[in-house]
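Sequence order for the protein chains is L and W. Once you know that position 335 of the first sequence is 335 in the working numbering, the rest is easy, because the numbers rise by one and skip nothing. In short: position in the second sequence from 1, add 505, done, that's the working numbering.
Just so you know, these hints were derived from the structure itself, not from any lab. Heads up, a few of these hints could be off.
[Claimed, not checked] Restricting the straight-line Cα-Cα distance to at most 20 angstroms, the calculated cross-link-like pairs of lysine to aspartate or glutamate (DMTMM-like) are:
(1) W:K544 <-> W:D515
(2) L:K356 <-> L:E345
(3) L:K105 <-> W:D584
(4) L:K88 <-> W:D584
(5) L:K245 <-> L:D258
(6) L:K208 <-> L:E175
(7) L:K88 <-> W:D515
(8) W:K544 <-> W:D636
(9) L:K6 <-> L:E29
(10) L:K256 <-> L:D456
(11) L:K208 <-> L:E173
(12) L:K73 <-> W:D515
[Said to hold, decoys possible] Pairwise CB distance ranges, derived in the manner of DEER restraints:
(13) W:E592 <-> L:T56: 48 to 56 angstroms
(14) L:T224 <-> W:Q580: 30 to 38 angstroms
(15) W:P555 <-> L:R59: 27 to 35 angstroms
(16) L:A120 <-> W:A583: 36 to 44 angstroms
(17) L:T56 <-> W:S586: 42 to 50 angstroms
(18) W:Q580 <-> L:Q194: 48 to 56 angstroms
Cβ coordinates follow ideal geometry from the N, Cα and C atoms, glycine included.
Listed below are the residues making up each chain.
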Amino acid sequence: MSAQDKVTIRMVPTGVPGLDEILGGGLPEFSFNIIAGAPGSGKTTLAHQIMFANATAERPAIYFTVLGEPAIKMLRYQQQYGFFDQAKLNTAIRFINLSHVVLEKDLGAVLEEIIREVEAANPALVLVDSFRTVVRKAQGAVSDVELQGFIQRLALHLASWQATTFLIGEYVEAEIRDNPVFTVADGLLWLSQQIERNSIVRKLQVVKLRGQGSVPGMHTVRITEAGLQTFPRTFGLTGKDEHPKGLRRLSTGIAKFDELLHGGIPEGDSVLLAGPSGSGKSIIATQFIAEGIKQGEPGIVAIFEERPGQYVRRAATFGFDFDTPQKNGQLEIIYLRPLDLSVDETVHEIVAKVKKIGAKRLVIDSLAGFEMALAPDFRTDFRESLYRMIGALTRMGVTIISTVEIEDVFTAMALSNFVISFLADDIVRLRYVSLNGQLRRMLLVVKMRGGAHSIDMNEYQVTDKGIVIGKPLRGYRGLISGIPGPWNAGPADRSLSPDESAANP
Amino acid sequence: MTNVFPAMQDLARRILAIEAARANAADTQVDEAARACAKLQEPLSRFTGPAGFFSLLSRALVLAKAEVPALRVVQVRADGSLAGFDEIKRDNDTVKFEIGGVVLVAHLLGLLATFIGESLTRRVACDAWPDASLDSTDLNREETP
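Next comes chain L alone, as it looks inside the complex (with noise of 0.2 angstroms):
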């Protein structure tokens, strides 16, 4: 069948941040939909949240209200969300209370009120909270075969009036398989709350939507005083266009490390940080986005271990300022200490951020201090949720350079903890080395997905001005191993001494 021969099926906005992208462009006009999920999971705020954005004075909304939360307490409660509107009660929005029909009447009764309102008052939206009230009121007194009669004549009805339906219900996945309303229905959003130790983390699955593809998987939710905002897995990225990599070189702002990669970091590179504590990669970092400031490429911080008045402060004893860029909109800091915190939702930080000022250049600084601001449900998944993150991010064009901290042992030379090398375009590592009675730091690019690059390894120091790079270690065995001996036999420690060093930044 040719595009043109499809009936063209009208989407519904949901008016929930992010929900629209999930369920691939909105729900489908005339739909019978089902939000289940159990109870604190937030089935009523979203159907609050969709009645609110669609209904008007001409086309309402319908909201029966059933043995579960009466209206006047959803009234209560709802009105404190962003999305309420008071204008629209008793106009656009209205509550009808069946609790009395389902009591005391059988099904047809339950069906026939639904009828009379749906027909006085020609609705746009109907939705039945809770709907699996209705049907455990009827299971005790109907068959199965006419429970599954009645539910299939209720959305018969709605759909021919040309409503938009929801019912709202609380259900456990187990009765997905044999609850005749999940035959029945058009759409299924689930909605949850998971727990692990002391996080909650509520999520949202498509787990059916019929006619259009919606987006897999357990999408993140929060409820903030705005009401529901989801986050797709996608990241909001999905149909954009790819920026191809490797155009130019971004220059890091350390002249010799530069020349240690060849030209610079290629342009919409991740690159992975790698060294112990203290040996200077949150400096190296600061000096990449000062050079991108400086060259009118504008840069965000995403920091987690240190508050965005103290990452300036130290900014500026490297002599870098960091104040005004962030005035004129060259420079964002990010600092997500939130709790429980999602990989999506930093995602969906980031990239408004990305997308507010252009911004061409990316730290995130320190991968070990985001994994900790997660939730420990999202820590299981972290490896997977960097790969998506850094995806979506260099395919916008930007380049990252992480920072992750790596306990130095003395054997062997570890790239990460996080088994994440496979993610980074580039990696290179920072150690400390054992040289002439003294701690020295050594630094070495690992790997250039996208060429050549120096195979040496420089000592370097860390100084006011900030890194700055010496000359390769030479004549020693074993450097990787932070505890190198003479590559001949005798003394042959050709290394340079800090001060012969620092005069070649």
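Add chain W to chain L, keeping to what the hints say.
Just chain W now, with coordinates in the frame of chain L:
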């Protein structure tokens, strides 16, 4: 002295005045209160169900009786209507009727305002008396001690 919000008393007085203007000369103020409560029953039942309206009105009556003992004979029927006014009528104390009616309706509105806020309460009242200009009533004044 009543404890309900002064704004609710103002609104109750206006509602009862509207009902009085529409009533026969033989009706009393308390009857107007009963009619006002009956008019509020339909929109409130939409929010709370018939059982919820019964609970709200029963609570309002208990609060009102504490302030106006003459209301002690008034009861809420199972269908949400008020009974017992005939007995009060026989006492023929107009002042008590007026005060009792205002206090009862004010408490009912006050309970509603406690749950859904004064602004939405005003909208409910406007829906029940669409011809009246109740929205001009200042419901935003704070409760006085």
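Hint by hint, which ones does this structure get wrong, listed from lowest number up? 4, 7, 12, 14, 16, 17
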